[in-house]
Every structure is written in C-alpha cells, then in structure tokens.
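With the sequences and hints as input, model every part of the structure.
The C-terminal residue of the sequence shown carries number 91 in the numbering used here, and the numbering is unbroken.
Hints listed in this document are in silico derivations from the structure and should not be mistaken for laboratory results. Treat the hints with care, since some could be wrong.
Stated by the list, open to error - Taking CB as the label site, the calculated pair distances span:
no. : residue 1 : residue 2 : range
1   : G35       : E80       : 16 to 24 Å
2   : R79       : E59       : 32 to 40 Å
3   : T25       : G52       : 14 to 22 Å
4   : A82       : T25       : 13 to 21 Å
Glycine residues also receive a C-beta, built at the ideal position from the N, C-alpha and C atoms.
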Amino acid sequence: MSQHPDWFRRADAAILQHLVEERPTYLALVANRLGMPTDYAQRRMDRLVEDGLVEPVTEEVVYRITERGERRLAAYTEREGAPGPGLVAGN
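The structure is reproduced here in structure tokens:
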C-alpha cells in the first residue's frame with residue numbers, strides 16, 4: 001500500500017524538494033528551475049496548497065513548504081529516491 005495519495009506525483013515531490021532547498025519563491029521560478037510548463041506547475045502547486053503541503057507567503061503568491069510537506073517529501077524520497085529537475089508534465 002502506498003504512503004502517498006493517488007494525486008501525489010513525482011513533480012509534486014520535485015516542487016517540495018525545491019522549496020526545501022530555496023527560500024520562498026515565485027511559481028514561475030519554480031517551474032523554470034524544474035523544467036515544467038508554468039500552467040502545469042500552477043496546477044500542481046494549487047493541489048499542494050489544497051492539501052496543506054505548501055502555503056502562499058505573501059499577496060504576491062510566493063510559496064514555501066510546510067512541515068507536512070517536508071514529511072510527505074521525506075516519505076516519498078525514502079521510497080522513490082530524490083526527485084530531480086527537468087520533469088515533464090504528468091510525472
């Protein structure tokens with residue numbers, strides 16, 4: 001049985017990992033650094049926010065990872081290995 005909900009993707013783990021390594025940042029920068037289309041990154045970020053794994057920091061929508069997001073990322077990394085940049089939509 002998986003420790004992750006059906007909606008959680010490798011791209012989600014990559015976003016969480018990026019937010020662990022970087023200060024809170026803009027969605028466009030996250031998408032660019034990870035090689036994701038911005039609209040796909042936005043959909044994934046919205047889902048991560050919905051589940052409480054990341055949170056907007058300012059009115060300008062700068063995101064940071066939450067403690068819950070760090071725990072989800074640690075569980076994912078333990079099972080799947082560290083997510084890397086250059087992900088494509090749907091991964």
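Numbered hints the structure breaks, given as an ascending list: none
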